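Engineer: In order, the protein sequences belong to chains A and B.
For the first sequence, the working numbering gives the first residue as 1, with consecutive numbering after it.
For the second sequence, the working numbering gives the first residue as 1, with consecutive numbering after it.
You may find that some hints are simply not true.
The list cannot tell twin chains apart, which means a pair is met if one copy fits it or any two copies do.
Said to hold, decoys possible - The calculated SDA-like cross-link candidates involving lysine to any residue, where the alpha carbons are at most 25 Å apart (straight line), are:
no.: 1; residue 1: Lys158; residue 2: Ser4
no.: 2; residue 1: Lys452; residue 2: Ile102
no.: 3; residue 1: Lys138; residue 2: Arg124
no.: 4; residue 1: Lys31; residue 2: Ile45
no.: 5; residue 1: Lys101; residue 2: Glu491
no.: 6; residue 1: Lys101; residue 2: Lys452
no.: 7; residue 1: Lys467; residue 2: Met1
no.: 8; residue 1: Lys158; residue 2: Val19
no.: 9; residue 1: Lys138; residue 2: Ser156
no.: 10; residue 1: Lys579; residue 2: Glu222
no.: 11; residue 1: Lys519; residue 2: Met1
no.: 12; residue 1: Lys519; residue 2: Phe111
no.: 13; residue 1: Lys217; residue 2: Asn554
no.: 14; residue 1: Lys146; residue 2: Ser156
no.: 15; residue 1: Lys340; residue 2: Ser362
no.: 16; residue 1: Lys519; residue 2: Leu123
no.: 17; residue 1: Lys519; residue 2: Leu103
no.: 18; residue 1: Lys581; residue 2: Pro173
no.: 19; residue 1: Lys101; residue 2: Lys519
no.: 20; residue 1: Lys217; residue 2: Asp563
Don't read these hints as lab results, they were simulated from the structure.
Remember, it's a predicted structure, so these values are computed and weren't measured experimentally.
There are 2 protein chains.
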Amino acid sequence: MFRSHTCGELTLDQVGKKVTLAGWVQKNRDKGFMIWVDLRDRYGITQLIFDEERTPKSIMDIAKSLGREFVIQVSGDVIERESKNEKILTGEIEILVTDLKILNSALLPPFTIENKTDGGEDLRMKFRYLDIRRNPVKENLIFRHKVTMSVRNYLSEKSFVEIETPYLIKSTPEGARDFVVPSRMNEGEFYALPQSPQTFKQLLMVGGMDKYFQIVKCFRDEDLRADRQPEFTQIDCEMAFVDQEDVLNTFEGMIHHLLEEFHGVSVGKFPVMNYDDAMRRYGNDKPDIRFGMEFGELNEVSQHRDFNVFNNSELVIGIAVPGGNSYSRKEIDQLIDWVKRPQVGALGMVYVRCNDDGSFKSSVDKFFDQQDLAQWATKTGAEPGDLICVLSGEKDKVRAQLSALRMELAERNGMRKPNEFAPLWVVDFPLLEWDEETQRYHAMHHPFTSPKHDQIDLLATDPASVKANAYDLVLNGNEIGGGSIRIHDSETQSMMFDYLGFTPEEAESQFGFLMNAFKYGAPPHGGIAFGLDRLVAILGGQETIRDFIAFPKNNSGRDIMIDAPSPIDEDQLDELHIKLKS
Amino acid sequence: MFRSHTCGELTLDQVGKKVTLAGWVQKNRDKGFMIWVDLRDRYGITQLIFDEERTPKSIMDIAKSLGREFVIQVSGDVIERESKNEKILTGEIEILVTDLKILNSALLPPFTIENKTDGGEDLRMKFRYLDIRRNPVKENLIFRHKVTMSVRNYLSEKSFVEIETPYLIKSTPEGARDFVVPSRMNEGEFYALPQSPQTFKQLLMVGGMDKYFQIVKCFRDEDLRADRQPEFTQIDCEMAFVDQEDVLNTFEGMIHHLLEEFHGVSVGKFPVMNYDDAMRRYGNDKPDIRFGMEFGELNEVSQHRDFNVFNNSELVIGIAVPGGNSYSRKEIDQLIDWVKRPQVGALGMVYVRCNDDGSFKSSVDKFFDQQDLAQWATKTGAEPGDLICVLSGEKDKVRAQLSALRMELAERNGMRKPNEFAPLWVVDFPLLEWDEETQRYHAMHHPFTSPKHDQIDLLATDPASVKANAYDLVLNGNEIGGGSIRIHDSETQSMMFDYLGFTPEEAESQFGFLMNAFKYGAPPHGGIAFGLDRLVAILGGQETIRDFIAFPKNNSGRDIMIDAPSPIDEDQLDELHIKLKS
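Could you put the whole structure together from the sequences, leaning on the hints where they help?
Structural biologist: This is the structure we're talking about:
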């Protein structure tokens, strides 16, 4: 036993007790005749005191030699502190040390082990084991554990069974790129790491395990956008004998449970919005509804004048920025520059100041009169004191641009409050989306998603209009989960593969096992998967998933702490029946 | 909502209720005027009844068409059964069906979906989704879930934090073969899948997360012995500021908890045996101590006669088989043949019948008299009525052979009772073992295991004699867990790599990050890892891990259901900067 107590638990109740503690030296204040050391472990900080009068000289000498992050073990008496620190639980006591042992010395850490550190991102990643000693990172990891346990216990109590599905599976070119694993025992063949356990969970439904979940690592070999990881964790769920409403109710319950457990908030029944509405009102299939600024569609009230920019646009839309009339001309110009950045891509922005006296002042006063502008205000819900920002262009593009502006303004104006939670179901997603590159339709969710039953005939005539039984759960402007009711008969599944451009042979070789399984009595089923990394980050009031992952990779998919990936031996390649191309 | 109830819950209490059920047709008995259908789901079986008088003809017709494993939905009234089945909870009622809908038809399954099936291993694996419908497999998977939840909650309550470590890590040639993953973004470089999260959990200790666990998939590209899987699940644990006793106590508590929760048994304090004793007494580092038949060492009492087989042997050992004197000559000959099989490899076996009158009759009466044999009986603990089996030869080999015989006899004689649990700690393992093939020492546990502190000097002079702070938990003759106290300073770690034949450059390039971490304040730490698959199987009273894995692979590492591994596209290889060798 290295310790009788942790550094986070001793209070006045223990005064007079002999205790043994172990931990890291957080701070060492040496006044010559007296030394105070802050001893830290996972649970807190306890102050140690050494003084000339009461501490043996040999111990005093060791105490003087202690550097930051040395690992030590001390024994001593709990005594009441003279100057108390009421900010921490252990702040009323200190340990008068009678014995001290250095368990391990430490080099000076490359950054400070404090809540606010002086270490940059790269340094912190290279020395992640030191970064984890810092409270914010440590608390995030513990929070992740608690959320995960809570999810598991909640689902388990609802009769869900966690079932492990394999990691070494089969590569299928549909979807994102697979990571593959050459097989030594099967020359010229490869396993793939799962992008999700999709087909396996569907097979479990065929197998009668009607409520499945799994918290599981998934892998996608994608070019990494900011804050994506090549390996990520999913809460993967599937149910049999359910329709869409059953799935939504079940997992709404789970999120309710988490919000209550971790924030004590009850958000009421989640609103449901269909995909088309979300795009129309927010330009986005994952709208943040914690704040307004809904889109006003202005075609009717803006294309009747000589302003050709609008007249030639498929769509003219605007939002009312609350209090935006207070922006200076310079601030508005900066906004215009912001929407013109290549990442957003607007060609310009029209704005209307809504004055307190009810009059309007716009950047297009030459073309539009007060009555026109008043109609814009009505359509965008602008009040006196607001600023109306108007963009125009091709429908999908301009919606995406205005959505980006809406989020940027909300961020700048503190409207995205981390401790306010606004969940939203987005439903009725399109079944297919057109891919310019390959010039064919792709499944928007995945090829196992069922089309709306009464729209199957439309697949032949107007595929883009067909909606799917697919849904996303959005929380504070982030997609935290998505799922669908699946196809459960082999004819429909085979037809879907056909529409998606699979030859019958390709469909058979890649997904024959699934279509075959559907012939042996497959129940209706559907499910959902949540991105655990993001869910935890948002529940933690943050948005950067990397801060909630113990050992994340950087944007090139590298682990810079262990320096992976790395070259391997020629022998290893040989055994795997492969060689490098160059 | 597809159902108001499951097929496992309706009893006389619900008679008169209108209910809706959904599930699979287990059985269809058609008497013409009356049809009974057994409807099955995950929760049980409920009997449906259709009869000419009370059921509409259209429904009757559909009912007649139902084949085995059709998926149906029925509505009807709960009524009391005429002939009750007291073996099942729902056996007193049946459903008089008023509505019936076929949700999906089914081909005749390739094997019967019954507790005892007619399907062979290969067929069951190919159609694993049908196999999972069978109660024994389904119950095993649910049992696995329950054990896993229990482990998680137990450790979580003891302040352990589950932390996910990465799956895409770095290949290291030490230990078993790695599965590797070519990197697309880092040309010519490879990730490896973890054989265990060993180094990461040690880094978490350096990071101050003093109680870590993770239930995690691990990967070893080994030639598969029977009942091994290339991917398997570990309960991986690590603690800081602990010595060996702390680790043993903590995880003894966990196993106690599981035995009590799942079997209601309290086994008391686990015995502790050191490795040398285990080898001497049982010829095995994972002895099954549910029964006796301990080895008697016979050198002193068997090498003083003219029997050269013994005189030329390094070790003569025997066991007393309880009641074995009742074996016929033929049975004993078969035993002798059994030990001579190449898998065991003995050259022969000497036996002694212990007669009820206290006399002995041996196969070597020409060389040994009654007094000699009486001494053998004393050394092996043989009683009248027993049979003493004696093997001789080179020490390590003969111990392994007699151990195999001991286990075989116990198995045959029903001494390995699945519902009796005998845990055992085996401690003080050798640090190193000699590898004939590479002609150097390998770490017996792994290179991070600390040698016994007072034996470090012996490393230079007599490395084979050095013991490690390493321990295994054995349950019923199976190693279910193993671990060690780790090295936590970079000097000792670097010395270990040196003894293991690493050049300083190799050690640095493969494990530099760990040795570097040890320089920044590493606490003393140690841990253990349990094989979840095996632990669950043994707790379930079985030994075949495959029966507790939803989608296992066969002995060639293939998933024959999805047909993986499989060839991949040339384009994919190209992107990964590799090509096939042939």
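Engineer: All hints are to be evaluated individually against the structure, with a verdict given for each.
Structural biologist: Status of the hints after comparison with the structure:
1. Lys158 / Ser4: between (40 Å within a copy, 15 Å between copies)
2. Lys452 / Ile102: between (68 Å within a copy, 20 Å between copies)
3. Lys138 / Arg124: within (13 Å within a copy, 46 Å between copies)
4. Lys31 / Ile45: within (20 Å within a copy, 78 Å between copies)
5. Lys101 / Glu491: between (73 Å within a copy, 19 Å between copies)
6. Lys101 / Lys452: between (70 Å within a copy, 20 Å between copies)
7. Lys467 / Met1: between (63 Å within a copy, 21 Å between copies)
8. Lys158 / Val19: Close across copies (21 Å), not inside one copy (45 Å); limit 25 Å.
9. Lys138 / Ser156: between (27 Å within a copy, 16 Å between copies)
10. Lys579 / Glu222: both (23 Å within a copy, 21 Å between copies)
11. Lys519 / Met1: between (60 Å within a copy, 23 Å between copies)
12. Lys519 / Phe111: Result: close only across copies, 15 Å inter versus 61 Å intra.
13. Lys217 / Asn554: Both. Shortest intra-copy (17 Å) and inter-copy (23 Å) distances satisfy the 25 Å Cα cut-off.
14. Lys146 / Ser156: both (15 Å within a copy, 9 Å between copies)
15. Lys340 / Ser362: Within. Shortest intra-copy distance 19 Å satisfies the 25 Å Cα cut-off; inter-copy 99 Å does not.
16. Lys519 / Leu123: Answer is between: at 16 Å across copies they meet the 25 Å cutoff, but 55 Å inside does not.
17. Lys519 / Leu103: Answer is between: at 12 Å across copies they meet the 25 Å cutoff, but 64 Å inside does not.
18. Lys581 / Pro173: both (21 Å within a copy, 23 Å between copies)
19. Lys101 / Lys519: between (69 Å within a copy, 17 Å between copies)
20. Lys217 / Asp563: Both ways: Lys217 and Asp563 sit 21 Å apart in one copy and 22 Å across, limit 25 Å.
When each numbered hint is compared with the structure, no violation occurs for any of them.
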